[in-house]
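Undergrad: Listed here are the chains, written in short residue letters.
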Amino acid sequence: MSETPPTKRLDHRLPERFVPTINYDLCRVCRRCVNDCSYQALEFRESRVVPSGGCVACGRCIAICPASCIEIRPVPPQFAPHGNWSERSRRSILAQASSGGVLLSSCGADDPNPAIFDDLLLDAAQVTNPSIDPLREPVETVTYLGRRPGRLEVYDGKVIVREDDTPLIRMDMPLMFGHISLGSISYNAQKALFMAAKELNIVAGSGEGGLHPDFYQYADRICSEVASGRFGIKPEYLKGVAAVEIKIGQGAKPGHGGHLPGEKVTTMISETRMIPLGTDALSPYPHHDIYSIEDLAQLISVLKESTEYRLPVGVKIAAVHNVGAIASGLVRAGADFLTVDGFKGGTGAAPRVIRDHAGLPVEVAIAAVDRRLTQEGLRNRVTVCAGGGIRSSADMIKALALGADVVMVSTSAMVAMGCRVCQQCHRGLCSWGIATQRDDLTARLDPNLAAARIVRLFRAWNEELKEVLGAMGIDAVESLVGNRDRLRYRGPNPKIAEVMNVKHIGEGWG
Amino acid sequence: MKAVCKPKGHAHECDCGKECLSVVGDRAVIDLDLSPTRPMHYTTLNCVMRKAMRRGCSSIELKGVMGQRYLASTASTPGLYIAVHGTPGNDLGAFLNGPTIEVFGNAQDMTGNTMNSGRIIVHGNAWDVTGLAARGGQILVQGDTGYRVGIHMKEFGGSRPTMVIGGTAKDYLGEYMAGGTVLVLGLNGGSPVGRSLGAGMHGGRIFVRGKVGPEQLGPGAAISPLSPEDEREVRGLLDEFNKAFGTEVPDDMGGYVKVAPSSSRPFFGYYDKTNV
Chain A
1 MSETPPTKRL DHRLPERFVP TINYDLCRVC RRCVNDCSYQ ALEFRESRVV
51 PSGGCVACGR CIAICPASCI EIRPVPPQFA PHGNWSERSR RSILAQASSG
101 GVLLSSCGAD DPNPAIFDDL LLDAAQVTNP SIDPLREPVE TVTYLGRRPG
151 RLEVYDGKVI VREDDTPLIR MDMPLMFGHI SLGSISYNAQ KALFMAAKEL
201 NIVAGSGEGG LHPDFYQYAD RICSEVASGR FGIKPEYLKG VAAVEIKIGQ
251 GAKPGHGGHL PGEKVTTMIS ETRMIPLGTD ALSPYPHHDI YSIEDLAQLI
301 SVLKESTEYR LPVGVKIAAV HNVGAIASGL VRAGADFLTV DGFKGGTGAA
351 PRVIRDHAGL PVEVAIAAVD RRLTQEGLRN RVTVCAGGGI RSSADMIKAL
401 ALGADVVMVS TSAMVAMGCR VCQQCHRGLC SWGIATQRDD LTARLDPNLA
451 AARIVRLFRA WNEELKEVLG AMGIDAVESL VGNRDRLRYR GPNPKIAEVM
501 NVKHIGEGWG
Chain B
1 MKAVCKPKGH AHECDCGKEC LSVVGDRAVI DLDLSPTRPM HYTTLNCVMR
51 KAMRRGCSSI ELKGVMGQRY LASTASTPGL YIAVHGTPGN DLGAFLNGPT
101 IEVFGNAQDM TGNTMNSGRI IVHGNAWDVT GLAARGGQIL VQGDTGYRVG
151 IHMKEFGGSR PTMVIGGTAK DYLGEYMAGG TVLVLGLNGG SPVGRSLGAG
201 MHGGRIFVRG KVGPEQLGPG AAISPLSPED EREVRGLLDE FNKAFGTEVP
251 DDMGGYVKVA PSSSRPFFGY YDKTNV
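From first to last, the protein sequence lines stand for chains A and B.
Reminder that position 370 of the first sequence reads as 370 in our numbering, one-by-one numbering, no gaps.
Reminder that position 43 of the second sequence reads as 43 in our numbering, one-by-one numbering, no gaps.
In case anyone wonders, no lab produced these hints; they're calculated from the structure.
Small disclaimer: the values here were computed from a predicted structure and weren't measured.
Careful, some of the hints might be misleading.
To be verified - Once the Cα atoms are required to be at most 20 Å apart in a straight line, the calculated SDA-like pairs of lysine to any residue come out as:
(1) A:K234 x B:G79
(2) A:K234 x B:P78
(3) B:K273 x A:R352
(4) B:K273 x A:H256
(5) B:K273 x A:Q217
(6) A:K234 x B:T100
(7) A:K234 x B:S117
(8) B:K273 x A:R13
(9) B:K273 x A:L94
(10) B:K211 x B:K273
(11) B:K273 x A:V50
(12) B:K273 x A:V421
(13) B:K170 x A:Y291
(14) B:K273 x A:D11
(15) B:K273 x A:I93
(16) B:K211 x B:G157
(17) A:K234 x A:H256
Said to hold, decoys possible - Some, not all, of what chain B presents toward chain A, calculated at C-beta under 8 Å:
(18) Y81
(19) R135
(20) P250
Glycine included, C-beta positions come from ideal geometry on N, C-alpha and C.
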């Protein structure tokens, strides 16, 4: 890239997107907002607090203002209106023409395309199949992660559990935390997730950043991740945990690796990931020992051999167009569970062009994987986990009905901790102490309080799941998995319904 | 083929290795030719090896290995010595954490995959992706190696992986390298290294005895002269190579090329973080 110095500098500074507005009648000039704004969007000048540009609407100032006198206002359109040339498209061009860089973003794809989840309606029982009151009658939400034996062996009236079956991981609800690495989030944020997983008796992903020595106390609830960077892998990272997952791809950036910028590779990150201090931590785009399903089978086998067949070994892939056939390959390669990550899934940093444009919505991906595995007689052998943009218990329930055994949730758990989805994770300045490595910011997050908030959220979602199961007249979540008859599609494109094998609204059982 | 044994710490002990494992003192010998099932399945052989490790053996000698994969993966017994006679399969010594493995024959692909510490000595050739993502320990190969060797090796704290290749390495040697040292001697003639050498490397160093043309370098790699400290490191590695294989590599320090990253921050300035 050759850079020619401009002969005359033309300042193409972009208009602000948000402006914190202060009601000076109420402001007590305590300056907490100025001190707390990690984006330095507020300053104290001439005896009052004024906006200084760069506000990202993280909402920290609003939350800490004792006088409740701050309001963040989106700046109205500053460009001439145009139906095709959106503000963002023009802002992107202006920014890239100045920097020559690849636009970086974080969190999930934020384009306004509606989620297919919102086009699905749930069924409920009436007359012939009576509904169940979950407060009065048991509704089972226990879920198991791992490879199923596929059949029961009965000898002398007793069910025999075959000894060469890998143990299943029991979880109290069909939810797990997705893989968020130490590095993309702070020590306190990851600790909160692990504490919550332990309390809820579900599984949390370690992410690919290794496992901090302090977190081995939660290891029986952690699914450790083996990704292309092979960060932090040591015997106890493989042997002492609940499950091991090979990460092939991530929904937010299918086919892309990871770049943890050098300034985030602190001493703690360097030791946990086992990488050099202060250099860019690169996760290569592919695993260099995996160029085929057969190669993947080798990595699965070596992990099973290393863990002496005591743990389930799974594979995570990003939802891409051929996801059904790939999933079939994963199961045949020996994966005990597979995880499908949809394109609205979160990320600590991803090129915008990939985040917003590559991959498949998780709703379609789940249905495609479930259908393909069922057709090939493999579906009953594995656990299918799915995630990527699960915003509510309704999304979770619809994902289950489309064919997922376990729903993977990450961003919602972070929102429970305090995240406002301002999409600045890649800058490492998170004012809530979540997506940052700066000690002063990390200290803002109390892991005990954050864990308690996540636990309350997930318990509430599980109650909502029971309510819906009861309303459908179903007494165990297993009977909802893949039960597309309990869904109807009401969206604009019936072809989507056909691909997902979901009936259109108005179509009955017959 | 015998039914696959998958030991899981059950109350009963499996009978793997009944015919082929013999333990004298703390030395174990596993002779695969004595096994009624040939070739022995890799799960069985690994089970027998773990059995020997559990019994506290300080050395394990494998005879008649015929391509069994994943041998000694995650082996962590300090001071353990494993001798392999025959040809081990892929992923020999994956996640190795301390022991020494000596192969009297050729190794296959992915030897020393993601190893932490320990040594792997190959009296022969080692093929593709040897030493992938190693964070410590040492791999010595007397003969040639294949493609994509030493990919993404990294160092941290006091841990630095080293690899010496007596013969040649093919393309993509040291790709994505983030630390550690690779020394290629080219003793058997021919071009010591292939193309795309050190592509995307952002740490570590590759020393090549012989010539490296600029057209052989991958993006991010640059040629530089050896510093006195580099020469000390090369001499130290040559010593270990000579000791391991009984060779006498000439001490001709003038004939080495050093390939090192042009930046430890290859992605600095690559991204635009504007809030669009």
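Undergrad: None of the hints should be skipped; say for each whether it holds.
TA: Structure-based check of each hint:
no.: 1; hint: A:K234 x B:G79; in the structure: 18 Å, holds
no.: 2; hint: A:K234 x B:P78; in the structure: 15 Å, holds
no.: 3; hint: B:K273 x A:R352; in the structure: 10 Å, holds
no.: 4; hint: B:K273 x A:H256; in the structure: 18 Å, holds
no.: 5; hint: B:K273 x A:Q217; in the structure: 37 Å, violated
no.: 6; hint: A:K234 x B:T100; in the structure: 17 Å, holds
no.: 7; hint: A:K234 x B:S117; in the structure: 10 Å, holds
no.: 8; hint: B:K273 x A:R13; in the structure: 14 Å, holds
no.: 9; hint: B:K273 x A:L94; in the structure: 13 Å, holds
no.: 10; hint: B:K211 x B:K273; in the structure: 42 Å, violated
no.: 11; hint: B:K273 x A:V50; in the structure: 24 Å, violated
no.: 12; hint: B:K273 x A:V421; in the structure: 16 Å, holds
no.: 13; hint: B:K170 x A:Y291; in the structure: 18 Å, holds
no.: 14; hint: B:K273 x A:D11; in the structure: 18 Å, holds
no.: 15; hint: B:K273 x A:I93; in the structure: 13 Å, holds
no.: 16; hint: B:K211 x B:G157; in the structure: 32 Å, violated
no.: 17; hint: A:K234 x A:H256; in the structure: 25 Å, violated
no.: 18; hint: Y81; in the structure: 19 Å, violated
no.: 19; hint: R135; in the structure: 5 Å, holds
no.: 20; hint: P250; in the structure: 33 Å, violated
Of the numbered hints stated above, those contradicted by the structure are hints 5, 10, 11, 16, 17, 18, 20, listed in ascending order.
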